[in-house]
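Sequences listed follow chains A and B, in order.
In short: position in the first sequence from 1, add 15, done, that's our numbering.
In short: position in the second sequence from 1, add 1343, done, that's our numbering.
Calculated directly from the structure, the hints in this document are not laboratory data.
Please read these numbers as outputs of a predicted model, since none were measured by experiment.
Keep in mind that the hints are not guaranteed to be accurate.
DSS-like, lysine-lysine: derived pairs with alpha carbons at most 27 Å apart [said to hold, decoys possible]:
no., chain 1, residue 1, chain 2, residue 2
1, B, 1401, A, 70
2, A, 62, B, 1375
3, B, 1422, B, 1375
4, A, 83, A, 121
5, A, 70, A, 59
6, B, 1401, B, 1422
Covered stretches of chain B, going by a simulated chain A footprint (3 or more residues, C-beta under 8 Å) [said to hold, decoys possible]:
no., segment
7, 1382-1391
8, 1455-1463
Cβ coordinates follow ideal geometry from the N, Cα and C atoms, glycine included.
The residues making up each chain are set out below.
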Amino acid sequence: QSALTQPASVSGPPGQSITISCTGTSSDVGVYNSVSWYQQHPGKAPKLMIYDVTKRPSGVSNRFSGSKSGNTVSLTISGLQAEDEADYYCTSYTSGTTVVFGGGTKLTVL
Amino acid sequence: QVQLQQSGPGLVKPSQTLSLTCAISGDSVSSKSAAWNWIRQSPSRGLEWLGRTYYRSKWYNDYAVSVRSRITITPDTSKNQFSLQLNSVTPEDTAVYYCVRDPRITSAVTFDYWGQGTLVTVSS
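Bound conformation, chain B alone (with noise of 0.2 Å):
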């Protein structure tokens, strides 16, 4: 059964970096099928795709074109975990981020296992 536990703090200053983790238990973030990705909702965004990391060979990432210019996608392998850095972050990022893995990186959009969600505010 995989797990995926998030951590991070829930309140950010306009202008900060936003910054979460997301531990994986039953899956490895190197799996050569799977991706992990980084989702957030909020009341006037709706759902929205931010990004992911996968392994094949080497490591890869996508990011939405929405958030390109400030956005880092981690793995890190030694902790079976990876990390999303939200830069110049607005009171518009204010959103539950979510962490999710898709299974097979070929469709892109089978999100099957999501983490708990942490609520981010960006308020000074």
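Only chain A is shown next, with the shape it has when bound in the complex (with noise of 0.2 Å):
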């Protein structure tokens, strides 16, 4: 299973938006609503932070949005804060039940 491609790094002020997008394919993010996305600080597991594509968990920040447009899934961080600085990994469902994950891309806030 190839993984999915997302940015290497991004970077953003405080305070403004910043995208991350991860592309998949017709087998995996564009036939599938199991995507989600997690944030990792250094030497820290990963948190999850948007499931189903579009769904907070229970005390994760409403900054924190995600978005889907064919093979393509986004997370969109608004109000950039300085925490907010760690890497970012896409997931999702694929076709023959397993799952594959996007190389990450890490948030610089500037």
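From these two lone chains plus the hints, build me the complex, please.
Structure (structure tokens):
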């Protein structure tokens, strides 16, 4: 299974909005709404931020939102804060009952 | 509050078997809604899902194609835990290994609780 494609890095100043894209295929993102986003700070386990493309778990800030168009899903973070600086990963269910991750995007808050 | 506590050796010799255990508190390995996963992370391979076990009147397993010939995930209902065995390891299997809960098997990727991670190094 090929990894989902994410930009290696994105950046923005505090208060701005940024969007991280995640592109898959018609075997994963394009046909399933089982897509999640994870935030990972150095030395920590990933944290679930978005599931089912657009849903936020309890306790996750509403500054985080998800969307989907065709074979691409996106994570938008509005009102950037210093603590948002982290690595972000997308993941999707795929045909064949498996799971595929994106390569990760490093977010820098300038 | 769900907690996952991992245990197992941090060093494994090439060609031997990697074995890790994940003890569950706050939920049951026999839950009829959750699935119990192993995921690893390395600089070269990023995050990689390895497989899962879950109970729906009987036990099921799903494994990643990349490790399907070498992996076994086993539940232990008496101890409320599940285990990972990866055979014939090579240095490419060096990674941080996580046990992870998905509360809804229907989603397959809603990983809400993670173990603390175990760095496993494959080296002689």
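Pair hint residue 70 of chain A and residue 59 of chain A, alpha-carbon separation not exceeding 27 Å: holds, 23 Å
Straight-line alpha-carbon gap residue 62 of chain A to residue 1375 of chain B, limit 27 Å: This hinted pair holds, its Cα atoms lying about 24 Å apart.
Within 8 Å of chain A (C-beta), three or more residues of the segment 1382-1391 of chain B: holds (count 3)
Proposed proximity, residue 121 of chain A with residue 83 of chain A (alpha carbon, max 27 Å): Given pair residue 83 of chain A, residue 121 of chain A holds - Cα atoms ~21 Å apart, limit 27 Å.
Check of the segment 1455-1463 of chain B against chain A for coverage (Cβ-Cβ below 8 Å, three residues minimum): holds (count 5)
Pair hint outcome, residue 1401 of chain B versus residue 70 of chain A [Cα-Cα no greater than 27 Å]: Violated, at roughly 30 Å.
Satisfaction of hint between residue 1375 of chain B and residue 1422 of chain B, Cα-Cα up to 27 Å: holds, 17 Å
Hint consistency between residue 1401 of chain B and residue 1422 of chain B [alpha-carbon to alpha-carbon, up to 27 Å]: holds, 18 Å
Of the numbered hints stated above, the single one contradicted by the structure is hint 1.
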